[in-house]
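There are 2 protein chains.
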Amino acid sequence: MDFFFKPSSVAIVGASPVLTKAGGVIFQNFVHNKQHDLFTGELYPVNPTYESVFDFKCYPSVSSIGKPVDCIVVVVPANAVCSVLEDSVRGGVKGAVIITSGFSEIGNHDLEAKVLEIAKKGNMRIIGPNCLGVYDAWSGVDTLFLPENKILSTGREVVATPRPVRGPIVLISQSGALGAAALDYMAGRAMGVRALVSLGNRADVAEDELLRYFRNDEWTRVILLYIEGIRNGRAFLEAASSVSLVKPIVAIKVGRSSSGARAAASHTAAMSGQDEVYESAFELSGIVRARNLDEFFDMGRAFLYQPPAKGNRVAILTNAGGPGVMAADTLEESGLSVVELSGETKSKLERLKAEGKILPYASIRNPVDLSGTATSQMFETALRVLVDDDEIDAVLVITLHHTPAVLDDVVGKVIHACYDRRKPVIACDIGSTEMAEEIRSRFEKLRVPAYTTPERAARALYALVTYGKYLEHVKKHGLL
Amino acid sequence: MDFFFKPSSVAIVGASPVLTKAGGVIFQNFVHNKQHDLFTGELYPVNPTYESVFDFKCYPSVSSIGKPVDCIVVVVPANAVCSVLEDSVRGGVKGAVIITSGFSEIGNHDLEAKVLEIAKKGNMRIIGPNCLGVYDAWSGVDTLFLPENKILSTGREVVATPRPVRGPIVLISQSGALGAAALDYMAGRAMGVRALVSLGNRADVAEDELLRYFRNDEWTRVILLYIEGIRNGRAFLEAASSVSLVKPIVAIKVGRSSSGARAAASHTAAMSGQDEVYESAFELSGIVRARNLDEFFDMGRAFLYQPPAKGNRVAILTNAGGPGVMAADTLEESGLSVVELSGETKSKLERLKAEGKILPYASIRNPVDLSGTATSQMFETALRVLVDDDEIDAVLVITLHHTPAVLDDVVGKVIHACYDRRKPVIACDIGSTEMAEEIRSRFEKLRVPAYTTPERAARALYALVTYGKYLEHVKKHGLL
Chain Z
1 MDFFFKPSSV AIVGASPVLT KAGGVIFQNF VHNKQHDLFT GELYPVNPTY
51 ESVFDFKCYP SVSSIGKPVD CIVVVVPANA VCSVLEDSVR GGVKGAVIIT
101 SGFSEIGNHD LEAKVLEIAK KGNMRIIGPN CLGVYDAWSG VDTLFLPENK
151 ILSTGREVVA TPRPVRGPIV LISQSGALGA AALDYMAGRA MGVRALVSLG
201 NRADVAEDEL LRYFRNDEWT RVILLYIEGI RNGRAFLEAA SSVSLVKPIV
251 AIKVGRSSSG ARAAASHTAA MSGQDEVYES AFELSGIVRA RNLDEFFDMG
301 RAFLYQPPAK GNRVAILTNA GGPGVMAADT LEESGLSVVE LSGETKSKLE
351 RLKAEGKILP YASIRNPVDL SGTATSQMFE TALRVLVDDD EIDAVLVITL
401 HHTPAVLDDV VGKVIHACYD RRKPVIACDI GSTEMAEEIR SRFEKLRVPA
451 YTTPERAARA LYALVTYGKY LEHVKKHGLL
Chain F
481 MDFFFKPSSV AIVGASPVLT KAGGVIFQNF VHNKQHDLFT GELYPVNPTY
531 ESVFDFKCYP SVSSIGKPVD CIVVVVPANA VCSVLEDSVR GGVKGAVIIT
581 SGFSEIGNHD LEAKVLEIAK KGNMRIIGPN CLGVYDAWSG VDTLFLPENK
631 ILSTGREVVA TPRPVRGPIV LISQSGALGA AALDYMAGRA MGVRALVSLG
681 NRADVAEDEL LRYFRNDEWT RVILLYIEGI RNGRAFLEAA SSVSLVKPIV
731 AIKVGRSSSG ARAAASHTAA MSGQDEVYES AFELSGIVRA RNLDEFFDMG
781 RAFLYQPPAK GNRVAILTNA GGPGVMAADT LEESGLSVVE LSGETKSKLE
831 RLKAEGKILP YASIRNPVDL SGTATSQMFE TALRVLVDDD EIDAVLVITL
881 HHTPAVLDDV VGKVIHACYD RRKPVIACDI GSTEMAEEIR SRFEKLRVPA
931 YTTPERAARA LYALVTYGKY LEHVKKHGLL
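Chain order of the listed sequences is Z and F. Position 439 (the first sequence) corresponds to 439 in the numbering used here; numbering is contiguous. Quick note, the numbering used here runs 480 ahead of the 1-based positions in the second sequence.
Please note that the accuracy of each hint is not assured.
[Unchecked claim] With a straight-line Cα cutoff of 30 Å, these simulated DSSO-like cross-link-like pairs (lysine-lysine) come out:
| # | chain 1 | residue 1 | chain 2 | residue 2 |
| --- | --- | --- | --- | --- |
| 1 | Z | K413 | F | K501 |
| 2 | F | K601 | Z | K353 |
| 3 | Z | K114 | Z | K94 |
| 4 | F | K893 | Z | K21 |
| 5 | Z | K21 | F | K501 |
| 6 | Z | K357 | F | K833 |
| 7 | F | K547 | F | K601 |
| 8 | Z | K21 | F | K547 |
| 9 | Z | K121 | Z | K6 |
| 10 | F | K833 | Z | K353 |
Just so you know, the hints here were simulated from the structure itself, not pulled from any lab data.
With these hints in hand, go ahead and build the complete structure from the sequences.
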């Protein structure tokens with residue numbers, strides 16, 4: 001499917017110089033990316049109304065271009081889509097991203113069937129219809145008709161739908177709006193994106209093929225899936241199982257409630273089905289399920305920076321009692337084990353107390369509570385002991401910066417203690433001041449994901465443990 | 481208990497000119513607030529070591545001040561606390577905030593009992609020990625030994641523990657660290673604070689008395705409670721029930737898991753007890769329970785701006801299918817009802833379609849999905865119909881700003897449609913770009929709470945419905 005993601009030539013059918021039209025925004029995206037050497041393929045506007053669009057010669061049809069076209073982006077009204085496809089098939093086009101809506105999502109099943117028939121006969125693949133299509137941060141393919149900037153009523157121009165920087169995250173989404181919102185969410189958290197694919201009605205290409213494609217894609221490291229309903233369960237299960245072996249998948253599945261299912265049906269013509277079926281499908285294929293949108297991205301970030309855990313035994317290291325309790329609650333409720341520390345580890349911590357390297361009134365049960373007067377150095381000293389313990393599989397570190405003796409050097413200290421281990425460490429600092437933001441962002445630059453609440457950190461760790469468990473299981477028992 | 485929150489005179493016992501010491505930070509807080517006319521009482525440093533601190537005459541003991549002292553803040557070592565109290569009782573002090581730790585939280589029950597005995601005999605009340613004490617944004621009482629600013633390793637000075645602006649939120653917390661973190665969280669979200677009370681070991685003053693105090697406090701509108709364990713269940717239940725009649729309470733209860741309970745015990749000597757007991761106590765007394773820290777503040781904000789709901793029937797209005805489904809799922813999972821719209825409301829929406837006032841392919845089931853090409857005006861038009869429907873108790877509006885025709889004017893349009901109704905409306909826009917932040921903050925300025933994900937908006941609405949249900953129940957059946 002390289003013709004969707006790395007096309008050597010693209011035609012925008014319905015391209016327009018009018019920037020309030022979808023065909024205007026999309027064509028401009030490609031022009032902009034071509035000017036900045038991000039998109040390096042050939043680019044052709046197609047629209048019988050115009051002689052040229054943004055100084056590009058405009059063609060009345062795809063077949064009239066007279067040169068090979070890898071992929072077309074279709075932004076014409078629904079009733080004109082079939083003739084566009086027929087013409088494109090004649091021109092040897094390999095893929096069509098059909099943005100246009102008005103198909104099965106509003107009951108127009110016949111039209112969608114006809115579209116699919118033309119494509120099948122012509123050996124052409126389809127993404128969509130009724131979708132946002134593809135945003136590929138690496139190749140410059142950008143079929144999103146959502147303008148990057150908007151002008152506020154105050155006259156100020158602001159970013160509305162950002163195009164995040166290149167990175168390793170793929171998002172495959174049935175909902176286009178959710179896809180755009182995700183770009184907005186990820187751009188603000190400096191999460192780099194490999195690609196967004198908005199699938200819409202999935203007349204042809206569905207999750208399974210995309211999963212396989214990104215499995216073998218060198219730039220992809222984590223795959224996020226937004227699902228309303230899967231049509232071909234077997235194909236999905238096989239693809240997901242195969243991908244999970246090499247790359248983690250995080251899924252959010254909606255349409256669990258009756259009204260949610262009703263809405264999903266009219267949204268992308270998806271049948272939500274029984275939630276338990278999805279639950280076990282995810283478990284069987286190593287997909288980690290997020291319960292909500294925050295978790296979805298939180299878990300994605302955890303996988304970006306940290307290895308899967310070898311087991312479910314977690315230690316909590318904190319300078320704040322309450323937040324330590326919160327983390328313990330959430331970890332246990334998620335099936336992880338906040339273990340009693342081993343005798344050896346306890347003795348080591350006792351020795352640190354005796355040597356004055358941690359405070360005498362620190363609690364050395366798990367959570368290990370260094371107390372509100374702990375210094376940054378004490379975090380390093382205690383964390384070394386915890387990551388050295390073979391009976392601990394992961395550590396959740398809560399470094400509240402409010403206490404007098406914790407400065408921003410706590411980040412470096414924590415990293416020192418754990419950077420050369422293949423044992424996951426996750427951080428938490430609460431607050432929205434500059435200092436809180438600074439600490440979390442420094443942690444992430446050094447590849448320790450840092451969360452805004454203990455519960456969110458705990459759930460991110462749950463993802464690393466769940467995925468690790470799957471890998472262990474497959475190693476022992478084989479696939480499925 | 482005005483002597484804690486509006487004292488006409490305060491002595492800081494253990495005051496110091498050294499700003500790295502707790503007695504230094506706390507005394508400086510009061511000096512700063514006095515200089516800015518925020519704290520208007522008399523202020524006395526007490527410390528036998530100094531003649532003066534920051535140009536204030538320093539006294540060797542409380543009794544040597546020779547003038548009435550309402551309240552003392554105790555920052556001396558644990559073994560010196562009793563003599564300080566004995567001396568203060570002689571001087572007629574009414575309240576003591578004991579910051580010092582080293583009491584029952586480390587097994588030193590005898591010392592704590594002795595402290596309490598002295599206070600009882602002397603008719604003095606105690607907050608603490610082992611606490612942060614009181615931050616009162618209205619009177620300038622600030623016993624937090626956490627410095628407001630810190631200097632980063634880059635040399636830049638940043639806010640570390642902010643003192644949020646005056647507002648209507650009270651936070652009563654067993655965990656001091658959580659209290660500080662909460663100030664940090666709330667300051668960043670422009671949530672104004674009435675007071676933070678960190679209770680520590682609760683040798684004397686506990687939640688019940690504080691609840692009653694803030695019930696009758698004119699500035700308080702919402703009370704947030706962080707709980708590890710309640711000692712006097714009956715007193716708590718009675719106080720909470722009485723407060724809930726006039727002001728909403730949101731609680732987060734931790735120590736639910738075995739390791740969490742273990743940690744809570746060593747943190748503030750709290751017995752967590754069985755979670756089901758708390759669950760039903762909360763239900764009986766009208767307390768809304770938050771499941772995690774994000775919800776805790778999200779729900780607080782909902783109560784600040786919106787009335788309780790009269791019932792559990794919710795309509796969702798959206799321009800984004802997927803997020804609409806997410807909201808529906810979470811609402812239903814929380815026991816709310818995403819109802820089928822009435823025949824009359826459906827006809828009204830059909831008429832709007834016919835008149836071209838909303839789009840012909842909008843979905844007018846619930847969620848009402850205006851579609852990705854909807855304009856800001858369409859939100860107003862459709863929302864009017866929904867708030868007019870007596871069979872709908874609340875509306876969740878999702879205004880994703882990414883779609884081409886939605887600009888920041890959508891905020892004004894939504895407000896127009898609902899500002900004069902006593903029916904809760906909650907908003908959601910996803911993303912972290914400037915535009916997303918701008919839209920959410922404008923909503924909140926106009927008193928519609930706006931959330932970053934559909935699930936968080938749904939849970940905030942759950943709080944309004946749950947509290948509304950309690951009020952209805954009490955109206956019908958009386959208290960408890």
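Right, here's what the structure says about each hint:
no. : hint               : result
1   : Z:K413 with F:K501 : holds, 23 Å
2   : F:K601 with Z:K353 : violated, 38 Å
3   : Z:K114 with Z:K94  : holds, 17 Å
4   : F:K893 with Z:K21  : holds, 23 Å
5   : Z:K21 with F:K501  : violated, 63 Å
6   : Z:K357 with F:K833 : violated, 72 Å
7   : F:K547 with F:K601 : holds, 21 Å
8   : Z:K21 with F:K547  : violated, 77 Å
9   : Z:K121 with Z:K6   : holds, 23 Å
10  : F:K833 with Z:K353 : violated, 73 Å
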